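Participant: Here is how the chains run, residue by residue.
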Amino acid sequence: MLDSDFRTTNAIFTVSLPPTPNKERNLMNDMNPLSQLGDMKLTRRDVLIAGAVSTAAASVPGLAAAQTAALPTPQAAAQPPVMAKLSLKVNGKTESLDVDTRTTLLDVLRENLHMTGTKKGCDHGQCGACTVIVDGRRINSCLSLAVMHEGSSVTTIEGLGTPDKLHPMQAAFVKHDGFQCGYCTPGQICSAVAVLEEIKQGIPSHVTGSLTEKPLLSAAELRERMSGNICRCGAYSNIIDAISEVAGSKA
Amino acid sequence: MRAFTYQKATVPADAAALVGRTQQAKFIAGGTNLLDLMKLEIETPAALVDVNHLALKKIEATPEGGLRIGALVTNTDLASDARVRKDYGVLSRAILAGASAQLRNKATTAGNLLQRTRCSYFYDTNMPCNKRVPGSGCSAIGGYTRQLAVIGVSDSCIATYPGDMAVAMRLLDASVETVAPNGAKRVIPIADFHRLPGNTPHIETALMPGELITAVTLPKPIGGVHIYHKVRDRSSYAFALISVAAVIQKDGTGRVAVGGVAHKPWRVEAAEANMPQGAKAVADQLLAGAKPTEENAFKVTLVQRTLAAVISQAKKGQA
Numbered sequence: 001m002l003d004s005d006f007r008t009t010n011a012i013f014t015v016s017l018p019p020t021p022n023k024e025r026n027l028m029n030d031m032n033p034l035s036q037l038g039d040m041k042l043t044r045r046d047v048l049i050a051g052a053v054s055t056a057a058a059s060v061p062g063l064a065a066a067q068t069a070a071l072p073t074p075q076a077a078a079q080p081p082v083m084a085k086l087s088l089k090v091n092g093k094t095e096s097l098d099v100d101t102r103t104t105l106l107d108v109l110r111e112n113l114h115m116t117g118t119k120k121g122c123d124h125g126q127c128g129a130c131t132v133i134v135d136g137r138r139i140n141s142c143l144s145l146a147v148m149h150e151g152s153s154v155t156t157i158e159g160l161g162t163p164d165k166l167h168p169m170q171a172a173f174v175k176h177d178g179f180q181c182g183y184c185t186p187g188q189i190c191s192a193v194a195v196l197e198e199i200k201q202g203i204p205s206h207v208t209g210s211l212t213e214k215p216l217l218s219a220a221e222l223r224e225r226m227s228g229n230i231c232r233c234g235a236y237s238n239i240i241d242a243i244s245e246v247a248g249s250k251a
Numbered sequence: 001m002r003a004f005t006y007q008k009a010t011v012p013a014d015a016a017a018l019v020g021r022t023q024q025a026k027f028i029a030g031g032t033n034l035l036d037l038m039k040l041e042i043e044t045p046a047a048l049v050d051v052n053h054l055a056l057k058k059i060e061a062t063p064e065g066g067l068r069i070g071a072l073v074t075n076t077d078l079a080s081d082a083r084v085r086k087d088y089g090v091l092s093r094a095i096l097a098g099a100s101a102q103l104r105n106k107a108t109t110a111g112n113l114l115q116r117t118r119c120s121y122f123y124d125t126n127m128p129c130n131k132r133v134p135g136s137g138c139s140a141i142g143g144y145t146r147q148l149a150v151i152g153v154s155d156s157c158i159a160t161y162p163g164d165m166a167v168a169m170r171l172l173d174a175s176v177e178t179v180a181p182n183g184a185k186r187v188i189p190i191a192d193f194h195r196l197p198g199n200t201p202h203i204e205t206a207l208m209p210g211e212l213i214t215a216v217t218l219p220k221p222i223g224g225v226h227i228y229h230k231v232r233d234r235s236s237y238a239f240a241l242i243s244v245a246a247v248i249q250k251d252g253t254g255r256v257a258v259g260g261v262a263h264k265p266w267r268v269e270a271a272e273a274n275m276p277q278g279a280k281a282v283a284d285q286l287l288a289g290a291k292p293t294e295e296n297a298f299k300v301t302l303v304q305r306t307l308a309a310v311i312s313q314a315k316k317g318q319a
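Protein chains in written order, with the working numbering: chain A, 1 to 251; chain B, 1 to 319.
Looking at chain A on its own, in the form it has when it is part of the complex (with noise of 0.2 Å):
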């Protein structure tokens, strides 16, 4: 469909509404800048950026209240963070920094070096979002700190391919219909390229048969293996089928 038919669309569609309540009709009149966007060359991070903003701002005082409630000690809320040093490679390119302690692997990829393919879901490890490849091995960057990757070579969703040169995984995905709101797809990604690696080096799983044999490529095994990217789209089966499609052509 083409920018002007959706906004055509679009207009038709708010013009044909039954009379709202007030809460309701200043939501539409929100929303309706946003078929415009098309030509303001604004990307949905600035849109969100802009959101978050607009949100903070409204809620500072109740925030604020919140945390002092929460800090058991104002000792404990004065320590000055502490900043070190770090050099570490992301995607082929050496990348020197100077950073929090606290900040972890995702932060420093998405804050501090702007590569915001790496997506971050839960932050605890629990959902597989923010998964990258380390020195070979595919980890949650949200429960490791920057600091503790001096020298790291680390491999992201923006290393794998570019949009005119996809990774085969890539190309599969989308060939597969693998993702619906995409967000977790990063990691999935960066996830199966891994998986296959693992089950290439003979790396045993929770369903292999036997474990002095050599691990199967069987559905059984991806799903298994894959059990630490949660979709919450659901398009678990499609990334199978993606997986297993890349898996067969390499074979």
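It is possible that part of the hints are untrue.
[Said to hold, decoys possible] Derived list of chain B stretches under chain A, where covered just means 3 residues or more per stretch with a C-beta under 8 Å from a C-beta of chain A:
#, stretch
1, 2-11
2, 94-107
[Claimed, not checked] One side of the interface only, derived from the structure: several residues of chain A facing chain B at Cβ under 8 Å:
#, residue
3, 81
4, 125
5, 131
6, 145
7, 167
8, 211
9, 216
10, 217
11, 238
[Unchecked claim] DSS-like cross-link-like pairs, simulated, lysine-lysine; straight-line CA separation at most 27 Å:
#, chain 1, residue 1, chain 2, residue 2
12, A, 93, B, 8
13, B, 26, B, 8
14, A, 214, B, 315
15, B, 58, A, 200
16, B, 8, A, 85
17, B, 185, B, 8
18, A, 200, A, 214
19, B, 39, A, 85
20, A, 85, B, 26
21, A, 214, B, 57
22, B, 220, B, 57
23, B, 57, A, 85
24, B, 280, A, 214
25, B, 316, A, 214
26, B, 86, A, 89
27, B, 58, A, 214
28, A, 89, B, 8
29, A, 89, B, 57
30, B, 220, A, 214
31, A, 200, B, 86
32, B, 39, A, 89
33, A, 200, B, 315
34, A, 120, B, 39
The hints are simulated quantities; they were obtained by calculation from the structure and are not laboratory data. Being a predicted model, the structure only gives us computed values, none of them experimental. Think of the CB as a built atom: it goes at the ideal place given N, C-alpha and C, for glycine as much as any other residue.
We have chain A already, so just place chain B on it with the hints.
Facilitator: Frame of chain A; chain B shown alone:
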């Protein structure tokens, strides 16, 4: 997360000395549990000593015919080691039944032993918890207890030890090697490593302040069929409701350890004499004196039935 200083150690005794003399210091290895807890401010160290650069990443044969597993060997590397897969299958199986591949790639042998309970009241900083804030009370007692302990509980705490790997290590009679801040080394039998809650549930292991785990050793292999059967609410990537680790010999004798039922991996050697009489005879003695709640009484039955399935599986010779 609270601010903290960060230092790297390169020699085990230096790391222990550093943590021993620094206020509110902690070791960090994989960090998969510690950082989770630091984000929630359940753990608030003022100093972290990174032990990832210590030379403790090897799995070596011991003169006694067993294996010495370096403290920093990752869960993935331990579960994948050919010797472990061949002679200590129950250990590989237990590790692979836990967490996700991403976490196993980062989690270490020593760190896994020290992971803390997943009791939801321990994690909820708005609720009293004797483990988090000693003396504040236990919200779990009288609360939601389906996941919690059924045996070895106290009036202060009914949390479980959440891990899988340690259940297999308890079964295999592993030993934990440590170095203290003053450089003294000692060996702690795994049976004495994790503690019951008593009235000090915040003290979870036999480790002294600043004491660093350097290795876990396994005695020589004992043969038999190795099985780790974990029962959980989903088929992967969930903590155990209960788990049964067993090594069963051809004559029907064997060993059993259970996870998800107590504040430590649960094994009663005397109960194992009943193995030839079947699961009920073993489970009755293994869980004698259990004090389940209405919500988790099912765990007592579940242990017996899972052990019956394990014994049946062993008879067919399936690991």
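Participant: Please go over all the hints and tell whether each is borne out by the structure.
Facilitator: Structure-based check of all given hints:
Counting residues of the stretch 2-11 of chain B whose CB falls under 8 Å from any CB of chain A gives 5; the rule of at least 3 is met. Counting residues of the stretch 94-107 of chain B whose CB falls under 8 Å from any CB of chain A gives 9; the rule of at least 3 is met. Checking residue 81/A against chain B by beta carbon gives a least distance of about 5 Å; that is within 8 Å, so the hint holds. Interface hint status for residue 125/A: upheld, as the beta-carbon distance to the closest one in chain B is roughly 6 Å, under 8 Å.
Proximity of residue 131/A to chain B holds as hinted, the smallest CB-CB distance being about 6 Å (cut-off 8 Å). Interface hint status for residue 145/A: upheld, as the beta-carbon distance to the closest one in chain B is roughly 6 Å, under 8 Å. Checking residue 167/A against chain B: minimum C-beta separation of about 19 Å lies over 8 Å; hint violated. For residue 211/A, the interface hint holds, the least distance from its beta-carbon to any beta-carbon of chain B being 4 Å, beneath 8 Å.
A least Cβ separation of about 15 Å between residue 216/A and chain B goes past the 8 Å threshold, and the interface hint is therefore violated. With its C-beta approaching chain B no nearer than about 15 Å, residue 217/A sits outside the 8 Å limit, and its interface hint is violated. About 19 Å separates the beta-carbon of residue 238/A from the nearest beta-carbon of chain B, more than 8 Å, and the hint is not met. At roughly 24 Å between alpha-carbon atoms, residue 93/A and residue 8/B fall within 27 Å of each other, so this suggested pair holds.
Our distance criterion of 27 Å between C-alpha atoms is met by residue 26/B and residue 8/B, whose separation comes to about 12 Å. For the given pair, residue 214/A sits about 24 Å from residue 315/B by alpha-carbon distance, which is consistent with the 27 Å threshold. Pair hint residue 58/B plus residue 200/A holds up; C-alpha atoms about 22 Å apart against a cutoff of 27 Å. Simply put, residue 8/B and residue 85/A have alpha-carbon atoms about 13 Å apart, close enough for the 27 Å limit, and the pair holds.
Between residue 185/B and residue 8/B the CA atoms are separated by roughly 21 Å; this keeps the pair inside 27 Å, and the hint holds. Straight-line distance between C-alpha atoms of residue 200/A and residue 214/A comes to about 9 Å, which keeps the hinted pair within the 27 Å bound. Using a Cα cut-off of 27 Å, the hinted pair residue 39/B and residue 85/A holds, with the two alpha carbons roughly 22 Å apart. The suggested pairing of residue 85/A with residue 26/B holds, with an alpha-carbon distance near 21 Å, which does not exceed 27 Å.
Using a Cα cut-off of 27 Å, the hinted pair residue 214/A and residue 57/B holds, with the two alpha carbons roughly 24 Å apart. Among the hinted pairs, residue 220/B with residue 57/B is consistent with the structure: their alpha-carbon atoms are about 20 Å apart, no more than 27 Å. With a CA separation close to 26 Å, the supplied pair residue 57/B and residue 85/A stays within the 27 Å bound. A threshold of 27 Å between alpha carbons decides the hint, and for residue 280/B with residue 214/A the separation of about 36 Å lies outside it, so the pair is violated.
Proposed proximity of residue 316/B and residue 214/A is supported: the alpha carbons are some 22 Å apart, at most 27 Å. For the suggested pair residue 86/B and residue 89/A, the alpha carbons sit about 37 Å apart, so the restraint of at most 27 Å is broken. Distance restraint check for residue 58/B and residue 214/A: the Cα-Cα separation of roughly 22 Å lies within the 27 Å cut-off, and the hinted pair is therefore satisfied. The hinted pair formed by residue 89/A and residue 8/B meets the criterion: a straight-line CA distance of about 20 Å does not exceed 27 Å.
Restraint check for residue 89/A and residue 57/B: the C-alpha separation of about 23 Å stays at or below 27 Å, so the hint holds. With a CA separation close to 25 Å, the supplied pair residue 220/B and residue 214/A stays within the 27 Å bound. At roughly 19 Å between alpha-carbon atoms, residue 200/A and residue 86/B fall within 27 Å of each other, so this suggested pair holds. Of the supplied pair hints, the one linking residue 39/B and residue 89/A holds, its CA atoms being roughly 26 Å apart against a limit of 27 Å.
Annotation: proposed proximity of residue 200/A to residue 315/B is violated, straight-line Cα distance about 32 Å (limit 27 Å). For the hint linking residue 120/A to residue 39/B, the alpha-carbon distance of about 14 Å falls within 27 Å, and the restraint holds.
Checked against the numbered hints given earlier, the structure breaks hints 7, 9, 10, 11, 24, 26, 33 and satisfies all the rest.
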